[in-house]
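A.B. asks: Protein chains in written order, with our numbering: chain L, 1 to 179; chain H, 180 to 310; chain X, 311 to 819.
Mixed in with the good hints, there may be bad ones.
[Said to hold, decoys possible] Here are the simulated EDC-like pairs of lysine to aspartate or glutamate, each with C-alpha atoms no more than 20 Å apart in a straight line:
no.	chain 1	residue 1	chain 2	residue 2
1	X	K538	H	E252
2	X	K538	L	E30
3	H	K307	H	E202
4	X	K596	X	D554
5	L	K142	H	E252
6	X	K538	H	D256
7	H	K285	H	D256
8	X	K411	L	E21
[Said to hold, decoys possible] To list a few chain L residues with every Cβ distance to chain H over 10 Å, as calculated:
no.	residue
9	R68
10	V78
11	L165
12	I173
[Claimed, not checked] From the derived model, a few chain X residues whose C-beta atoms are all more than 10 Å from chain H:
no.	residue
13	D365
14	L462
15	G492
16	F502
17	G563
18	L646
19	V650
20	L693
21	R694
22	R696
23	D769
24	Q772
25	R776
26	V789
To be clear, the hints were calculated from the coordinates, so they are not data collected in a lab. Glycine included, each C-beta is placed from N, C-alpha and C at the ideal position.
Below are the chains, spelled out letter by letter.
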Amino acid sequence: MSERDERLTPAAGDDILAQLEAEVAHELEEHRPPPGGPAYQVISSLVALAVGVTGAVLAYGYGLGTLRRPGAGLWPFVVSMLIVVLSLLLLLIGRRLQDSERFTRASLLVLVGLATFVGVAVLLPIIGFEIPSLLLCVVWLKFLGGESWRSTAIVSLATVVAFYLLFLYGLSIPLPHLF
Amino acid sequence: MTILIGYIPTPPGEAALGAGLAEAARSGDDVVILNSPRRGSYVDVALVDDGSAGGLLARAEEQGVTARVDHAEHGADIVDAFTTLVRESDARLVVIGLRRRSSVGKLVMGSNAQRLLLELDVPVLCVKPAR
Amino acid sequence: MNIDAFLSGFTSATEPQNLLYCLIGVLIGMLIGVLPGLGPAATMAILLPIVVTVDPVSGIIMMAGIYYGAQYGGTITSVLLQLPGEASSVVTVFDGFALAKQGKAGAALGVAAIGSFVGATISIVGLTLLAPLVASWALDFGPPEYAALALLGVLLVATIGSGNTVKAMIAAATGLLFATVGRDSFTNTGRFTFDSLELAEGLDFVVVAMGLFGVAEILYNLEERHGKVHVPVKVGKVWPTRRDLRQSSGAIGRGSVIGFFLGVLPGGGAVMASLAAYATEKRISKNPERFGRGALEGVAAPESANNAAATSSFIPLLTLGIPANASMGMLFAALLVLGVTPGPQLVEENPELFWGVINSMYIGNLLLLLLSIPLVGIFIRVLRVRPAILAPIICVITIIGVYTINNSTFDIFVMILFGIVGYLMKKTGFEPGPMVLAFVLGAILEDSVRRSLLIFGGDPTQFFTRPISGTILACFLLVVLLPVIQAVRHRRTAPTTTADQPDRKDSLR
Numbered sequence: 001m002s003e004r005d006e007r008l009t010p011a012a013g014d015d016i017l018a019q020l021e022a023e024v025a026h027e028l029e030e031h032r033p034p035p036g037g038p039a040y041q042v043i044s045s046l047v048a049l050a051v052g053v054t055g056a057v058l059a060y061g062y063g064l065g066t067l068r069r070p071g072a073g074l075w076p077f078v079v080s081m082l083i084v085v086l087s088l089l090l091l092l093i094g095r096r097l098q099d100s101e102r103f104t105r106a107s108l109l110v111l112v113g114l115a116t117f118v119g120v121a122v123l124l125p126i127i128g129f130e131i132p133s134l135l136l137c138v139v140w141l142k143f144l145g146g147e148s149w150r151s152t153a154i155v156s157l158a159t160v161v162a163f164y165l166l167f168l169y170g171l172s173i174p175l176p177h178l179f
Numbered sequence: 180m181t182i183l184i185g186y187i188p189t190p191p192g193e194a195a196l197g198a199g200l201a202e203a204a205r206s207g208d209d210v211v212i213l214n215s216p217r218r219g220s221y222v223d224v225a226l227v228d229d230g231s232a233g234g235l236l237a238r239a240e241e242q243g244v245t246a247r248v249d250h251a252e253h254g255a256d257i258v259d260a261f262t263t264l265v266r267e268s269d270a271r272l273v274v275i276g277l278r279r280r281s282s283v284g285k286l287v288m289g290s291n292a293q294r295l296l297l298e299l300d301v302p303v304l305c306v307k308p309a310r
Numbered sequence: 311m312n313i314d315a316f317l318s319g320f321t322s323a324t325e326p327q328n329l330l331y332c333l334i335g336v337l338i339g340m341l342i343g344v345l346p347g348l349g350p351a352a353t354m355a356i357l358l359p360i361v362v363t364v365d366p367v368s369g370i371i372m373m374a375g376i377y378y379g380a381q382y383g384g385t386i387t388s389v390l391l392q393l394p395g396e397a398s399s400v401v402t403v404f405d406g407f408a409l410a411k412q413g414k415a416g417a418a419l420g421v422a423a424i425g426s427f428v429g430a431t432i433s434i435v436g437l438t439l440l441a442p443l444v445a446s447w448a449l450d451f452g453p454p455e456y457a458a459l460a461l462l463g464v465l466l467v468a469t470i471g472s473g474n475t476v477k478a479m480i481a482a483a484t485g486l487l488f489a490t491v492g493r494d495s496f497t498n499t500g501r502f503t504f505d506s507l508e509l510a511e512g513l514d515f516v517v518v519a520m521g522l523f524g525v526a527e528i529l530y531n532l533e534e535r536h537g538k539v540h541v542p543v544k545v546g547k548v549w550p551t552r553r554d555l556r557q558s559s560g561a562i563g564r565g566s567v568i569g570f571f572l573g574v575l576p577g578g579g580a581v582m583a584s585l586a587a588y589a590t591e592k593r594i595s596k597n598p599e600r601f602g603r604g605a606l607e608g609v610a611a612p613e614s615a616n617n618a619a620a621t622s623s624f625i626p627l628l629t630l631g632i633p634a635n636a637s638m639g640m641l642f643a644a645l646l647v648l649g650v651t652p653g654p655q656l657v658e659e660n661p662e663l664f665w666g667v668i669n670s671m672y673i674g675n676l677l678l679l680l681l682s683i684p685l686v687g688i689f690i691r692v693l694r695v696r697p698a699i700l701a702p703i704i705c706v707i708t709i710i711g712v713y714t715i716n717n718s719t720f721d722i723f724v725m726i727l728f729g730i731v732g733y734l735m736k737k738t739g740f741e742p743g744p745m746v747l748a749f750v751l752g753a754i755l756e757d758s759v760r761r762s763l764l765i766f767g768g769d770p771t772q773f774f775t776r777p778i779s780g781t782i783l784a785c786f787l788l789v790v791l792l793p794v795i796q797a798v799r800h801r802r803t804a805p806t807t808t809a810d811q812p813d814r815k816d817s818l819r
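If we strip away everything but chain L, and leave its shape as in the complex, we get (with noise of 0.2 Å):
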């Protein structure tokens, strides 16, 4: 508490509302990872410029027309440079920016969460919603989320079968369902 006094005593007007910025800041950052380092900013400047120039170059294809007869692919162009020019911008100042954040060992957990929305996606029309909603379920309280197996099947069970009754039942929604 004292340390935090410490740092918000008013030295000037303006530096209040900046110390408060920081210190919100600093409690919303606590339970992330570290920040990344210089090559995230210049990876994710690059993909910028990628994505500015692909559109650029697809929307020349679409023909550009004139200022007087816009063609179909004038505001993807212009918009797409935008993106370029901006992308250059953030690659010449942007290195030394802390706001991206470290993959960390926690991040394989996201590929995981991941592959389980992939995997309902696949097969949702296959089998149904219950079957591949239940293993989703099992995945994320088992294994991401460090659940006793007792836990994890109350919860899977009891979110399925209520998704059950509240789609097929209480809103009529049709779903792909096996049962």
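Here the structure of chain L is known, so what remains is to put chains H and X in place on it, guided by the hints.
C.D. replies: Just chains H and X, lined up with the frame of chain L:
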């Protein structure tokens, strides 16, 4: 040697604390009070705040027992927290409180107490609150 | 202002169905506010598929309730657990939790609730009076004015909003680019469709929003390091004393005004308002040392401000059709999907919707004032559920929800793709908010620009010669050039400071 007391702010926990402190006073051991919250929760009602922890230590002092409170977190299995702390504090006895439960209740909801009884290597004293 | 329309709005808002949806909305909103991890924008995105199945007025009332309800909920955890449920309640933690530790949790929560209610109500009154005026003034807007305004709105969100400005602008521009995917209505050619039948229809707002806000947020939260477990402070006497109220009344008033103005500004919003209100109170206080140690003003001001801002941010959306922040962007998307075109004509063409929503806010805030304190116990119980248990439930809601929009598996994959994009953006410091906003505005913005060019006969300078669009574009240029001017000024003063430092070091020796 130390006595490890598993404490939560409920009647069984209070019973365990009472019995554990009495035993420690009799044998002159130190006490480690394990008040373990579940990792990853926002709020755990089993956790006691610093003020209440101070109260627990004061009760121990009254009986002439040196105690400390440990807030080691546990994951899905509370037995791990106990095993680790038993090893670290060289405990000779673990004291826990038991809830009165029907056999069906235990079957459905599981029993931490049973797992502790079966898996801990040191003697476990199970205390029930007064009826 | 048309009194009849205003009153008929109350009739609409008090219909049983709309009352129910208002109640559901504010309850969900409070719940979201209490739970860290999901914000109102993400929740609104995830619930979009459900909202479109109901009556437009009811749906918007519910979504609005979620947004301003979340501002009430965040306070509870800030005060009782030192855990901010929403970014706009972080400032409340400082004095709120200090008060709770001194046994005054009830007073803090009470002052916060009253402050929130007053702030919101003042803001709604402002909305009621101002909105029809702005809308009628904006009716004269043609495509050039609208284009300039939309551009200014996106730019303000990128500059004033959180995150690096250049990155936000790149995100916004990319959003505009994504909006062009599909069939071009002017020339009937396919753009970026890559021979895909589904892509020829364009990207669905709802799907993209669910991906960028919903899925991205869920994935991002997986990397959250376990925080410490909290013990809730007991709430004693629930009501603040009369002296407490008198002490905080000034803060509430000032906070409401600050919140109202910062909420209307695109890119401003509840978070900025809460910070500004707290800083102002501290600056003008006679004993600033009290702040951070349990000053009631430190709770009253930000809470009034964030609620006032949340409410006033509806103004640009309802009157001009410009969303001021991500949550308003979700509301914009909902309106579009429900077949209602947001813009100045909304007041005239859809008065039941316009006034129904505004008047529902009076009711909603009253509900929140009455419910937020009694429900504290329930919310603490809800917080006992581990986030790991809630996560898969939200996943299933999201996936099934997006499927039900068009019965399309393709949509799920698009949502997943945008979820990946959103996650990577958050990891590298790009805010997804401006991208969603620009995406949602993109089609209408391009439409306006192209129509304008047709009107001008191909002469873009006429954007500047028309009085209104010219002024707006002047503001636009000002906002663009301001940071550049500041940077130049800083560089001019920098050489003197670096010259000073060696002297200081010498003197220390």
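A.B. asks: Now look at each hint and say whether the structure bears it out.
C.D. replies: A quick look at each hint next to the structure:
1. X:K538 - H:E252: Within the cut-off at roughly 9 Å; holds.
2. X:K538 - L:E30: holds (11 Å)
3. H:K307 - H:E202: It holds: about 15 Å lies between the C-alpha atoms, which stays within 20 Å.
4. X:K596 - X:D554: holds (17 Å)
5. L:K142 - H:E252: holds (18 Å)
6. X:K538 - H:D256: holds (18 Å)
7. H:K285 - H:D256: Given pair K285 of chain H, D256 of chain H holds - Cα atoms ~16 Å apart, limit 20 Å.
8. X:K411 - L:E21: violated (24 Å)
9. R68: Check passes; 61 Å lies beyond 10 Å.
10. V78: holds (47 Å)
11. L165: Per Cβ check, L165 of chain L is outside 10 Å of chain H; nearest 22 Å; holds.
12. I173: holds (32 Å)
13. D365: With a cut-off of 10 Å, D365 of chain X remains clear of chain H, as the shortest Cβ separation is near 36 Å.
14. L462: holds (40 Å)
15. G492: The assertion about G492 of chain X holds, with a minimum of 43 Å to chain H.
16. F502: Non-interface label stands for F502 of chain X: nearest chain H Cβ at 42 Å, farther than 10 Å.
17. G563: Given a closest Cβ separation of 34 Å, the condition holds.
18. L646: Check passes; 36 Å lies beyond 10 Å.
19. V650: holds (38 Å)
20. L693: violated (4 Å)
21. R694: Answer for R694 of chain X: violated, closest chain H Cβ roughly 5 Å.
22. R696: About 5 Å separates R696 of chain X from the closest Cβ of chain H, which leaves it inside 10 Å; violated.
23. D769: holds (60 Å)
24. Q772: holds (57 Å)
25. R776: Given that every Cβ of chain H is farther than 10 Å from that of R776 of chain X, nearest at about 54 Å, it holds.
26. V789: With a cut-off of 10 Å, V789 of chain X remains clear of chain H, as the shortest Cβ separation is near 40 Å.
In summary, the structure is inconsistent with hints 8, 20, 21 and 22 from the numbered list given earlier, while agreeing with the others.
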